[in-house]
Structure formats: structure tokens, C-alpha cells
Amino acid sequence: MTVHQLSIFIENRSGTLIKVLEALKQAGIQIIASTIADTAEYGIYRLICSEPMRACEELKKANVAVALSDVFAIEIDDQPGRAADAVKTFSEAGISIAYMYSFLLRGKGILVFRTDDNGKAASVITANNLKSISESDLSGLA
Amino acid sequence: MIWNPNKECMSRDEMSALQGKRLHKIVEYVYHNVPFYRNKLQELDIRPDDIQTIEDIKKLPFTTKKDLRDNYPFGLQAAPQSEIIRVHASSGTTGNPTIVGYTRKDIGVWSECMARCLTAYGVTRNDIFSVAYGYGLFTGGLGAHYGVEHLGASVIPAGTGNTEKHLKLIRDLGITGLACTPSYALYLAETMDKLGIRKEDIKLRVGAFGAEPWTENMRKEIEERLGLKGYNIYGLSEVMGPSVSYECQIQHGSHICEDHFYPEIINPTTLEPLPAGQTGELVFTTLTKEGMPVLRYRTRDLCSLMPGTCDCGRTSVRMGRIEGRSDDMLIIRGINVFPSQVESVVLSMPEFAPRYMLVVDRVNNLDTLQVQVEIRQEFFTGVFDTPAAVDQLEKKLAAKLKSVLSIAAKVQLKAPNTIERSQGKSAHVIDKRKL
Chain Y
1 MTVHQLSIFI ENRSGTLIKV LEALKQAGIQ IIASTIADTA EYGIYRLICS
51 EPMRACEELK KANVAVALSD VFAIEIDDQP GRAADAVKTF SEAGISIAYM
101 YSFLLRGKGI LVFRTDDNGK AASVITANNL KSISESDLSG LA
Chain L
1 MIWNPNKECM SRDEMSALQG KRLHKIVEYV YHNVPFYRNK LQELDIRPDD
51 IQTIEDIKKL PFTTKKDLRD NYPFGLQAAP QSEIIRVHAS SGTTGNPTIV
101 GYTRKDIGVW SECMARCLTA YGVTRNDIFS VAYGYGLFTG GLGAHYGVEH
151 LGASVIPAGT GNTEKHLKLI RDLGITGLAC TPSYALYLAE TMDKLGIRKE
201 DIKLRVGAFG AEPWTENMRK EIEERLGLKG YNIYGLSEVM GPSVSYECQI
251 QHGSHICEDH FYPEIINPTT LEPLPAGQTG ELVFTTLTKE GMPVLRYRTR
301 DLCSLMPGTC DCGRTSVRMG RIEGRSDDML IIRGINVFPS QVESVVLSMP
351 EFAPRYMLVV DRVNNLDTLQ VQVEIRQEFF TGVFDTPAAV DQLEKKLAAK
401 LKSVLSIAAK VQLKAPNTIE RSQGKSAHVI DKRKL
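For the protein sequence lines, the chains are Y and L, in the order given. Sequential numbering from 1 applies to the first sequence in the numbering used here. Sequential numbering from 1 applies to the second sequence in the numbering used here.
Same shape as in the complex, but just chain L:
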């Protein structure tokens, strides 16, 4: 099934023409509404009329996460505040989160893309669909929620946590669809075993899994244990949220909603565009977004693009699996975490030396994050003669980390000069997850 064959199966020529027209329009729009982009374009001596076809995109400047941070909170917003009906936030690299405002039309486009995605998975208005992504500032919950409603299926806004109650609803309501992180799906399977619920007792048949990297082996395990078919969903809040791309029944790459989000693959070092099929950094330009459009946003995700008509009939370009990152971002329980965020918290507390180590692991299919810090000798005073005093200090740091990272981290205090001096960025991280 195809939700919008008009767009999803458009001929290549028509799609390029549409993209070129929309690109011109969006460049003109940001030129007149976002000083940041006007300045950048003027520096490069580019006027909106210089951008007429989609090939002209190569002339445009890139946008980075740092640009979003430097213009916190609303500097890149193009629409007046009166037109913004929703704001989401995702992790920034340090201190401030990334703020993304959506107009009513943006939410409409997002819901449309989600409906395309769910339809590609075989979801119909007869399904009962549970959304178990986090509801809130994270785009996963509300993004999927609006898509299910737009499609016309019944949405169960389960959210995260409360797993036993969720499983009871899955069984008793005959829920057929599930959206969550792949690791949470495995956690559900584990909880089912614990509660003695068999896959024959439930009616799940479709899973929309994303927000974190997962493997084919995880897919097989989830499908086997939950008795459903699992599909990949991809998105990022800077561009929109979940449903920027999605798998179809063929499951050979994820179709990008390229009439709204134009993808490019570049060499992350030279920033030169790479030919189709080569792996590089994925870059998106939002072609229709009103709230916070981005030109050539560098996702830092490494993957390749597959052009050509898919066996499912869609002509939209597909992206392969994310093969890695061109920065040091970690995805822990679906949440983006930058080591620099941890660094900013550690540096803000004089009790600790400016050295730290993140240890990421997956225990019982749930990601764990441990932050190791060294206590400074001069702050280790006589009050630390009981474990309770040490625990209190650890808890103080853990609370600060939680508020900055949006996920819980376990703090482990180390003796002075025991954490290795870092040599480069990745030296701050030990990722024990086997992905």
C-alpha cells in the first residue's frame, strides 16, 4: 500500500523539477526571514534567484549543530512566534538544547510523512497502534502519535516505562502495531517472558523501530519474540522528527520523503558531494518547512543513498543503514548524548578533576550509562569518612547529568589521577554495546 502515490512514485524528472521549485522558494524564504542565512548567503554572494534547480543546491552553505547552538534558542526560526504551534528540543553538544519550532503546516507535513511511513509498513485505519516512544520534548512520541491519528488508526499513547501495564493493554486491547526503540522492544519481550505472556497471546503484527542504531540480528530476535514484522524508521528533530525516511515491504533501504527533505551525501572532511552509492555524511535540506527550515544540515550520520525505482513501486531515493557517525555523538536509550555535554557538567563542579569517562553498555537489552569522574584531592575533606557522604556527592553530579542529558547516568567516583588523560575525543568513551 502507498499513502501518496502521487509523490512517493513521482517520475524522477517531475521530482527534480518539484525539488528545484521548492528549493528556490525555501532559499528566498530564509533569505528574507532568517538573518543568519541572509548573512551567510550574502557572504557567498548568492541571491535567491541564483538558486533555480535542485543542482544549484551545491552552491548553498552548510548548517551545523554548532550553528543551531550559536543561535539558541530561536535564532534560526523563520516563522513569527504567532505561527509556531509546537516546540520540540533535542540534545545540544553542550549546555543548551536544540530548539525546533513547528508551524501548523509543518505538523501537517510531518503527519503526512508519518502516514506514508505507516502505510508502507502495512498499517491501516483498522489497526490499534501503540506509541511507546518518549512523549515530551523528544520528537518520537508526539511525531508518531500524530501520524497514527492522521492515518486514522487508533493510537494508544503508551509512552515509555510502565511496561507491565503496557503489555496488559497490548494483550487485552489486541494492539496490532507498536512504535518504540528496538532495545525497548526487546525489553518488552523480556518482560513478557517474566509475566508468562506468550506471543500467541498477543496480536502485534507491525513494529516501527528507530531512534537508535540496531542490527539485523536484533530485528530477527524482536520479530521472533514479539511475533511481528519490524521496520526501520529514521528521523531527526533538526530536520523534522521520525519519518524523514522509512522502510517498505521490500526492506532494502529506507525511502526518504524527498519532496520535503532533500538528501545529499558528502565527504565529511572535504564537504564535497559524493556520487550515489558511496558512503559519506548525510545532509538534509528541508524543502517545505516553515518553522525552522535548514539548508544542507549536516546530520553527522554516515550512510549511502540508493537511487532507482524500488520493487515496491516507490521512486523515492532510499538510504542505507546508518553505518556510523562523523562525530562522537552516542545514542543511549534513543537519546542523543554528546561527551561534551558530560564535560560541561563535570567542569561546572569544582569537586571533580576535568577528566571523565563514559562507559556505555547494554544490560538486559537496556542501555546503561556510567560516568566516571575523579574527585579532586583538595575537595576530599574529612567529611568524606563515610560512604554516605561520597554517595551524596555522586548523587549531586548524577542529578545535574540527568537534567542536561535527559537520561539517568550512574556516577562512579574514582581516586585522583586514575582516569587516563584523553588523547582525542573518542578517548572519553568506552562503548561495550555490540552493535
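So that you can see chain Y by itself, here it is in the shape it has in the complex:
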């Protein structure tokens, strides 16, 4: 029920971000959504893309500190308040969300997030009939 997110360690120096993007370009990987959690000295670049497994291998070859993290991606209607409704269901089940980002895709909103309890989150998704995106959906979307 989860998708693979690339988590990439990027130093705050010029040229480090472009190195990652160039490697993805060379490999023909399409970026679907991304966000950077930045600190004073480095950032964690989180990225949803087509073919995350292959992207990860390619980045490793380019000497990038990269790992795959399991995150949820759920589809919601592109309407005000839908994100609040979705997050509320997890919150009521006592699940903490470590981070979240979102994007619009073909008229739908996609919420990407990581929880502290993936098993419990999966049952909440099933119980509430939330539509979760799978990895194969991602390659189709790209």
C-alpha cells in the first residue's frame, strides 16, 4: 500500500542539487513530486518519481547518499477541506505523521506522508475507503 520515496542527503553547497537532477535526467527518470527538508548545513531531498528502484541504483552509482523510504500516497478530491478530512482519520486513530507534502495530478490531489506506524495506517486507509496510490500507479502517471 506504500510507495517508494527517494530520500537523498544533499549538502548546502552549490552544485550538489544539480548533480542529483543530472543523474536522474541521464537515467530518464521522471520526477513526479519533490520537497526538501532543509537545515543550516544540509537538506534531505524527498522525491517521488517513476521507477524509484532504478533511480536509487543510478544515484548510488553517481556516489549520492540515497535511500528508499516507504511512504503513503493517497488520492483526494481537489476540493477545499479534503486534506483536513484525510489527516483527521489518521489523527483519530492515534497515528503520527512525520512529514507530508502534496501535489495535484490530473485533477486529483495527492497527499504523500510518512507515519510512525505503517501497519496501522494501512488498516485506517482500508477501513475508510481512502484511495491509496501504488507504485505501479506511479509509473503509469509519469
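Hints in this document: simulated from the structure, not taken from any laboratory. A hint or two may mislead.
What the hints assert, rightly or not - Ranges of calculated distance between the beta carbons of each label pair, as one might list FRET restraints: (1) L:K220 / Y:N12: 55 to 65 Å; (2) Y:N128 / L:P350: 38 to 48 Å; (3) L:R421 / Y:N12: 20 to 30 Å; (4) L:E323 / Y:N12: 33 to 43 Å; (5) L:A427 / Y:V87: 49 to 59 Å; (6) Y:S102 / L:D193: 45 to 55 Å; (7) L:E200 / Y:S14: 48 to 58 Å; (8) Y:K19 / L:N39: 55 to 65 Å; (9) L:P157 / Y:S102: 42 to 52 Å; (10) L:R433 / Y:A83: 50 to 60 Å; (11) L:K434 / Y:A83: 24 to 34 Å; (12) Y:Q26 / L:P350: 42 to 52 Å; (13) Y:S102 / L:T215: 55 to 65 Å; (14) Y:A40 / L:K220: 54 to 64 Å.
All of these numbers come straight from a predicted model, not from anything done at the bench. Think of the CB as a built atom: it goes at the ideal place given N, C-alpha and C, for glycine as much as any other residue.
The hints should help you fit chain L onto chain Y, whose structure is shown.
Chain L only, in chain Y's frame:
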């Protein structure tokens, strides 16, 4: 003023005779009490009776920091444990610290040397003297403390940190003397400015500054801002601690307590003694120490010796400023740090590649140490999707470094293969301090 004119102003002939007599005695003592030295002397076919005059010192083997490490913890101790009343420790090059035990007589000699030093600075029993070196395993705090007591002045064991409270005491108690690192003295001056304390509000008049390299410009700045006269003090725990040498009112070199610590200058490569006036590595032989005597201990400090009677009246030989090191030791906030110590910690953690860089700087007159390490690709797993996880890893390394180095280091994580492969030892260090 001279605390012990008998020794500090002894004629050259008398001093040489005394040194020769003491050298013979100390060689005999270590020969019978320290297997390490007995073996070394036997290998060179030297018996204690072969050492009669101070010139015979050239026959003796050298002692290095590595010898101290190889004989950790008490291998070079000559006195039985029942005679040891204090133990200090300083940084070793890797892993183990250097352990130094002192007998009651050693502490007495140390206090005497400190009293000579303070008297040369013009300190008397009427002074109130604050010791702001670190108290603890470091020799600075307790060494200076016992000297002030021996002299009879009032000692304020301020220690390091708690700067605002210390300044309040300096002002309210009318403290007249201060012992600390020169960079801490500047930090005090800065804190004074912040608190609105003017130098006219305080009575400091004498400063004993050492444990780290400093420049004449720093001296001028400290003197100007604190309204005192600053004097250099030198020492190392392997030989004793602070007061191995000290400046006098003339401030042209530091007088060595050479009736206790015999100095030589050698070429660090050939190990040949160099004539007076030439710069080389400073070597000390402890002539009277009971706890852990050392024969020809290589300090790795580079300087020159100045023989001859000083205008102050002392005849004891003087050493010039430390001009550098013959190894890669760094002095950070008065603490000795070897890059190899950092290396041993980094190598002990599989998360990091065996590459590192030390970046030393001085910010607001306080030394800073940053250690850069590379995370290994295979250890960068999915859990590192938040800065909190990365910070935790950095903190884990920082805690290990702190316990080995005794000073705090800021860890900076770098991406794989971003730290340059080192070419030789100094390539591990970027020292941005302008000294």
C-alpha cells in the same frame, strides 16, 4: 622579586654540578624502578654509573609520547602506588590518555615552581588570585591552585565556564591576579563589555596566560582590555604541568626551572642536540621527579634556548616562544588534540567512511572545532528521511568525540566521496585561526 634566589640565580658552574648530580641520581632511580628504562639503558649498554655529569645526558635514550601510550597506564611510574597522591591525565595520540602520577614530593616541587613563577610576575601574599584553568584531570587548574596557596596569596578556584559569575567576583572581591588561557582572557573581556563592566571597575593587575599558543598582539589586546600585565607560563603534564617555565618582568623569554627540568634542543629529524640559539625540538629530563620521571622527553614543541644572565638577575636558561610543533598536535581551548584521536573514533563507527577533516577556527575569541565525516552509502538507509535522524547520528559521533577529546566538537556530515583523500598528516586539518 625572586622566590628562590638560591636556585634561580645560581652560578652556571653550581647549576651544572647540581644538574649532573641529580641526573645521575634519577638515572639510577629509573634503572632500578622502571623496567622500560632499565631495558632501554641495557640495550644501549649504559649503567647508571656511566652518567656522572650533565653532559652525559647525550648518552641517554629519548622518551616519546608513544612510549607513554605503549606503557599505559602506569608502566612508566617509578614510585609505588602507595606513594602516589595525585594522578592527572592528558590527551594521548589515540585511544588512551597519558596518565601521570605525582608523589607528595612532586606536588611540593610543582608548587615551588609555581610560586617562583607567580613571584616573577610580581604576585605576593597580598594578592587575591583567580584560577580559571580547567580543574580536573587537566594539570592547569590544580597546578596553579597549589602554587598560589604555596605562595600564600588567596586563591579563588573559579575554574572555567560561569563567566558572568566569575566577573562579578573579580569586581566585588577585588581580585588582582588571573590564570587562564589567553583566549579565555579575551572572552572575559568581551563578556565585560556585554555586562557593562569597565576595566576601571576591576582591580586585575597580573595575568598568567598559557596552555595554548598566543601572539604579542593578543597580549597587547588582553592587557589593554583587562587593565593588567600578561605573562607567559609554559608547562606540560608529561614533565610536570604549568610552571616548567615562566616569564619575568623583562619578558624576554621564559625562565626554565632547570634545577628540576633539564632542557635540550634537538633536531627533530636527526635527534642531534643543537647549539644554543638555534630553533629545534624542546626535550626535557625531569631531574627530581619521583612519580613518573622522564628521560629526554620529546615535547614536540619547537623553540630555541637563551642562556645567560637575564636583566632580572635570574641565571636560569630561558626558552623563546613556541614557534610550532614537530607533530600534528593541535591546541584547542588549551586542550591538546591529535587528529589521530579523531581518526580512532571515526574508524570505530561503521556508519562513516575512514576519511575526516578537522576544521579549527576562533570565533569571538573562543576556539571551535568542527569534524567533517562522510556517511557511508550503505549506511544511508530509509530511516534518514528526516533531518532529525541525521542529527541523531551526528550527535552520536559528537558524544564519542567529546569523551575522547575532552572538548566539544561539532560534527558535520558530508555526502560520500566529498572529503579529499588525505595526502599526509596535515591534510586532515584546516586551521583558520590566525596565530
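Honestly, which of those hints from before does the structure not fit?
Result: hints 1, 9, 11, 12, 14 break, sorted rising.
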